[in-house]
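Take the sequences, apply the hints, and build the full model.
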Amino acid sequence: MAASIWQWANPVKFIRLSDRLIPPLSILTAICLCTGLIWGFFLTPDDARQGASVKILFVHVPSALMAINAWLMMLFTSLIWIIRRHHVSAFAAKAAAPIGVTMTVIALVTGAIWGKPIWGTYWVWDPRLTSFLILFLFYLGYLALWAAIEDDDTAADLTSILCLVGSVFALLSRYAVLFWSQGLHQPATFSADKETNISNVFWYPAVLCMAGFVLLFVTLVLVGCQTEIRARRGRALLMREGRLT
Amino acid sequence: MIALLVRDIQLALRAGGGLGLGLAFFLILTTLVPFGVGADRQLLGAIAPGILWLGALLSCLLSLDRLFALDFEDGSLDLIATSPIPLEGVVLVKALSHWLTTGLPLVLGSAPLGLMLHLPAHGFGWMILSLLIGTPALSMIGCFGAALCVGVKRGGLLLSLLVLPLYIPTLIFGADVARRGATGMSVETPLLLLGGISLAAIALIPLAAAACLRVNLR
Amino acid sequence: MMPDLGKYTFEVLACYGITLVSIFVLTGITVLRARRAKQVLSDIETRVKEVRHAD
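So the sequence lines, in the order shown, correspond to chains A, B and C.
Under my numbering, the residue at position 191 of the first sequence is numbered 191, and the numbers go up by one with no gaps.
Under my numbering, the residue at position 81 of the second sequence is numbered 81, and the numbers go up by one with no gaps.
Under my numbering, the residue at position 27 of the third sequence is numbered 27, and the numbers go up by one with no gaps.
Careful: at least some of the hints might be erroneous.
[Said to hold, decoys possible] Listed next, the in silico EDC-like pairs over lysine to aspartate or glutamate satisfying Cα-Cα at most 20 Å (straight line):
#	chain 1	residue 1	chain 2	residue 2
1	B	153	A	151
2	B	153	A	153
3	C	7	A	47
4	A	13	C	45
5	C	38	A	19
[As the list claims (entries may be wrong)] Label pairs and their calculated CB-CB ranges:
#	chain 1	residue 1	chain 2	residue 2	range
6	B	200	A	13	53 to 63 Å
7	C	39	A	20	34 to 44 Å
8	B	82	A	154	46 to 56 Å
[What the hints assert, rightly or not] A partial selection of chain A residues facing chain B, derived with a Cβ cut-off under 10 Å:
#	residue
9	30
10	31
11	76
12	79
13	82
14	86
15	162
16	164
17	176
Don't read these hints as lab results, they were simulated from the structure.
Just so you know, these numbers come straight off a predicted model, no measurement behind them.
Where is the CB? At the ideal position from N, CA and C, for every residue including glycine.
In structure tokens:
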């Protein structure tokens, strides 16, 4: 097993690999985001029902997608940290959280602005909207726990456990909210998740934007991991130096 | 385990143990609600189940940070951890004592407070039943939060930030039972789901909380 | 050049603006922190080397 995926768990190897990956990835991210957003903004027709406001789709849907995927990725890396104790995995979870919370905010805010002309209100306690708000709260708690604990390994352990338990409760909340708002509100007037409802004119730029957001996320997580590895190496060296002098 | 339970309850009963504190907070909160939303009988009756559930939830939160923190600071948590009782059992006992000293008084106190908020007469039974089933879950989940934050200095605010989102499903189903009961609708579905959450919390949370304690005691 | 957004001009522009600003801020903070970490680490490494040579 010379080329096992676990070899990248070695921080030195990880830095070497990510140093090689980051430049092409950032260029690809820029290309995807620029083309997708410009295509979506300038070159798509107005929707029959929603007019020009349909252009918001190209920032709303990718950010909502990444808000959920970032949490899933954190869950995955937390599991790897708990089971195999690879530090890079814990760093990746730590690096993903701020990005995830930003994406959640973007999705919530653009959704609210979009909702005003289409639904006539900035906010409804619709299951999907409420679930996103709850996801945001979980992100806040996770970030606060990272910030509160000084010791790195303790913080990584506790946040991983919180991420696992939080995931269970987030899922539970999702179904509880579905149950709670049943019959109280009209179903989502417009669902962008049903790809079959979207004609190709909107679908292609939307895919480009989603790819751009995914690439952006990957690049930023790689950079964040590098930062964390360097910061920890610096601290370790300082401690050893303290003994030298 | 029984000795530990007795010790915790005795500590809570002693002055400054916080037994009356949660109940007093519950009372104050309920007193403040009419000042905030007006004393209209109909309105109060309609929101009473939700207010009582929210009040119970917040009062539960109030006494959580001392659940492990005091034992952690004076070192008795280390002693308890090295005792033959598994840490999961310790968590269970701690949660049970928290429920007996906080949850149960809240359940009993909710009846007179419901009277003050003009809760419809046929809603009382469901209200108390839903709290009786739901508060163990609140204690268990709070226990997990307390175990997470035990090593954090001044972790009270962090604890609420962590625990409150976890309370969402319990609150939704619990308040739904109480609301449906008050308006005379069928309560079976949310009641069963609430019971499910409580049982699952009692079964699974000790594992997670004990893992947190082990990390914090390292 | 500028597409006609009709009565949704403000909404669409606000959404794109907020998204772009958030992404730029996020990227900026990440890159800045990465640079600083790199700088700090290289400082520490050179100092450690100096101390070793002094022995």
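Hints broken by the structure, by number, lowest first?
Per hint list: 6, 7, 8, 9, 10, 11, 12 and 14 violated.
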